[in-house]
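Student: Each chain, written out:
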Amino acid sequence: MIQDLVIYLLYIVYALAVLMTFGTVLTWVERKQAAVMSDRIGANRAYVRIPFTQIKLVWLGLFHGLADGLKMLVKEDWRPKTYDWYAYAVAPWVVFTPVLLVFAVIPFGGVLIPAKLFPSLAGFFGDRSYALQIARLDAGLLIVFAFGGMTIIGAMLAGWSSYNKFSMLGALRAGSQMISYELIMGLTVMGLILIYGTVDLTAIVQQQSGILLGFLPAWGIVHQPFAATLFMAAAIAENKRIPFDLPEAESELIAGFYTEYSGMKMGLFMFAEFIEIAIIGALFTTLFLGGYNLPFMSDSGFAFPGGYALPMSHGAVVVTQLVVFLGKILVMSSFQILVRWSLPRFRYDQVLMFAWKFMLPLALANLIVTAIAAWVLA
Amino acid sequence: MSAKYQRKVYWNEPTMTWWERAYLFEILRGLGITSAVFLRNMWRWMTGRKGALTTYYPEETRWDYAKLNRGKHILTQRPDGRPQCVACNMCATVCPAKVIEIDAGFDPTDAAHPKYPIRFEIDYSRCVFCGLCVEACPEDAIRMLKETPGLPRFDRGQMWIAMDELLTWNPQHDVAKPYPVAAAGDKKRGPA
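These protein sequences, in sequence, are chains A and B. FYI, the numbering for the first sequence is 1 to 378, going by our numbering. FYI, the numbering for the second sequence is 1001 to 1192, going by our numbering.
Since the hints were made in silico from the structure, they are not lab data. Among the hints, a few may not be true.
To be verified - Under the rule of at most 30 angstroms between Cα atoms (straight-line distance), these lysine-lysine pairs were calculated in the BS3-like manner:
(1) 357(A) - 1050(B)
(2) 56(A) - 1050(B)
(3) 357(A) - 165(A)
Next comes chain B alone, as it looks inside the complex (with noise of 0.2 angstroms):
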């Protein structure tokens, strides 16, 4: 009754030639190639070189970030070198992970932006760079580096970032913002 078990025979079944199946031949020449590679980035890293498609993840960046990375945020600057924000705290609002904290201040001397953030705090702890305060901002006060310098730190502590780092932005090309000028004595003022 019990029909003889036939191991089914698959359509890309591996065939080996003699050579193959002698087994020391291709372990010879799978040596070969490791040892190769080996020699070749060791010799890579001897004359200087890096012999590691590896990138250091803090202290090297790669070139291949996307353009529209979603990175570290940056508040934008007017002219005088302040911030461009106006403490709306929309950017707060629509945070999923509500990591932006804003003290709202009032200048009375500036008729045309009165509101302006005390305090502009980004936990990068809980941050999940989703990019929404981006969106959300009527201003174009908050945007995103496509790269993230300096986030990685040993303690959570230190990843509550406050305005001095967010503003630290000093653009030489920018289409849309070509200002600050970088120094205060430049006259050429863009559009505010």
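With the rest of the complex left out, here is chain A (with noise of 0.2 angstroms):
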């Protein structure tokens, strides 16, 4: 057993190191993108001076998340004078903590056998086998969805507290928006719990390893494209990023919910933002994306359409699953950082509006032509 909670261990680190780097790395990302989409330059001033040299590391502005971090923790921790100060002072973590929740669900990687990527651990390791998930849960969508809604409590929470009618504003706005794109985003999820008869992730990642049709990978985007772009946009909308960002909206609500917030409480708002990103980012990959497989790829290797296979060393399997899925988080995470700075935001009415006369009809039908469609090919 000790084995088990070395393994486990390691991954929550890794899974914790990928979330933090990537909570980091996609301020920079957000800002570098946003400043080439729209011919600037974007932030390249922070440097890293090596001690006793005049090196100045720059390295793109890589650092100006450090620097941003930084400035955040040594700020003057304001607070208003408010009657609840201990759902002022939890708010935060109530909305940072089920982000990272979520990630111990999602696969990152298909099977570690320890024995065989390292050799000299077999004796310690025996024949054990670890799935790459820090918790295989058969309910694994559902913890999903159990996670993400509880950032409403939070962002309801740091709205009541603050004791600012700019902050109750917010709250009601996040509030009435997150839950309406709740429900979307779980009855989009609900076409592809039908093709695939489970909410397990592990087992939805590796029913994506297949072939439809002779040719195409038989990921989840050409199951159900049309439940992957109305996740997309609710899974946005879940996050509270333009174009629905109607809960902090600047012009209108200051910050909205967090207003009141100052240094990290309110650095931990925005990195919970970032975080959530990279999580969506996580889902959308091994709902729609075929998780940590390329295409036509399993555990075992490249299964081509033809017959042709490729066989892979299980190191090989490893390596490329973990970078695979970072760099599909990745890309996905640009991607909604391109929405972010091309739309322009909603009026209020019409984001609920777009929820619930738009996007809740077609997510129903969606699901209807689905289930007809499982019901006649079974």
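Put the complex together from the two separate chains, hints included.
Tutor: Here it is, written out as structure tokens:
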């Protein structure tokens, strides 16, 4: 059992490292991508000077994230005179923690057999094999939605406890908007559940390594292109980013439900938002883009259409899967940033109208068509 | 009594086709435009060009500075390299920001210009670049470049610029002052 402990501790460290790195790097990606999209250069002045030398490492402004973090840590932690200081203090963590926890059920690789990877460790690990996933739960997808729904509580807590009308308006908007889009996210995923017949994320990924119609990779986006679009839109709305950033619309509500937060507490909200970009990327990858596998790839190697197979060694498979998963997350995060810097913000009534009068019927129609198709084909 | 509210219809009221009203297609077109710009700029950057319109401010000089832009000051020089300034203090007097400080010296060996500046300093942290010093100078001794080379500094204390830097001007083509000639041994002396 000590082996399990070692492996899972390693997984947890890996997951936390990945998420924190994404949270930091995405702030840089967001700035740089926005700049490049609008013919600018972007943040490029922060540097780290090697001590005792005049060598300044700029690295395309990669250290601006560090500078931001440092700034937030040393800023004054100003607190409003609120009646509910406990809720005020705990709200950032209620937003931040579930975002991290979602990653526990997302598989970031196939199977890891330590003895095969490092023969010198065979005596310690025996023939144990571990799925590259912190918690392999049958109800993986449900856990994702359960934790995803918890961030609403944090936003509402922050808004109510701040004792500020702007915060409260932001919290009300956040509540109605997130609950609306939560529903649509769930409905769009229902189609996938009908096709795959499971909510276990690892099983979903494994089913996507097959071949569809003889030449297409059996990815979720091929099965359900419509649902993928709706899911992405609903996920961006769930994350409260432009074009759905009504809860924190600067021009109307200062910063919405976290107007009254300063220093690292405000930083936690921002950090949670950036990590959630990565989480949405991971979730979209897992559900629609074949997870950690390249097209036609499974845990034993490639099996191309036409019967041509390319077996790979265990080490190569594990490394490829880890890298591919991170790469796909990065691409999806970049896409979300592209959306955020391209589209204008909705009006508030339009946001809810869009959810209930446009996306909900479409999601339901998609579900019905999928159900009929699955029933006919079965 | 209360008439039903009629929203005013403006002459430039936007009218949308069903294609635009469907929202999704135009969204995709917009995303296509922005990502195309992104990819174009990234490609420029990867092929060693600058994928941006931005000019790095202190490091690069904009090409489109006006010809008569009022930038950093320079002190013109006599053929022997001494400043043309006669330390009359007119620029310091007219300066609205009071940034010019001149200490005058006496040189009996030069009968034409016995008065010369020992110290001529400009505090650029306060200079407003109005150009009045250039207007006031009777000797055409102070001019303004169109750029501001080396002026942006990290420290306010470093912006107090003295004569050694103001005298670094070495024009190659100047109709009004065809001197000083580059080398001291050059015999082609211009009019004084």
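Student: If a hint holds in the structure, say so; if it doesn't, say that too.
Tutor: Going through the hints against the structure:
The suggested pairing of residue 357(A) with residue 1050(B) is violated, with an alpha-carbon distance near 45 angstroms, which exceeds 30 angstroms. Taking the CA atoms of residue 56(A) and residue 1050(B), the gap is near 22 angstroms; set against the 30 angstroms cutoff, the hint holds. Restraint check: the Cα-Cα separation between residue 357(A) and residue 165(A) comes to about 29 angstroms, which is no more than 30 angstroms; the hinted pair holds.
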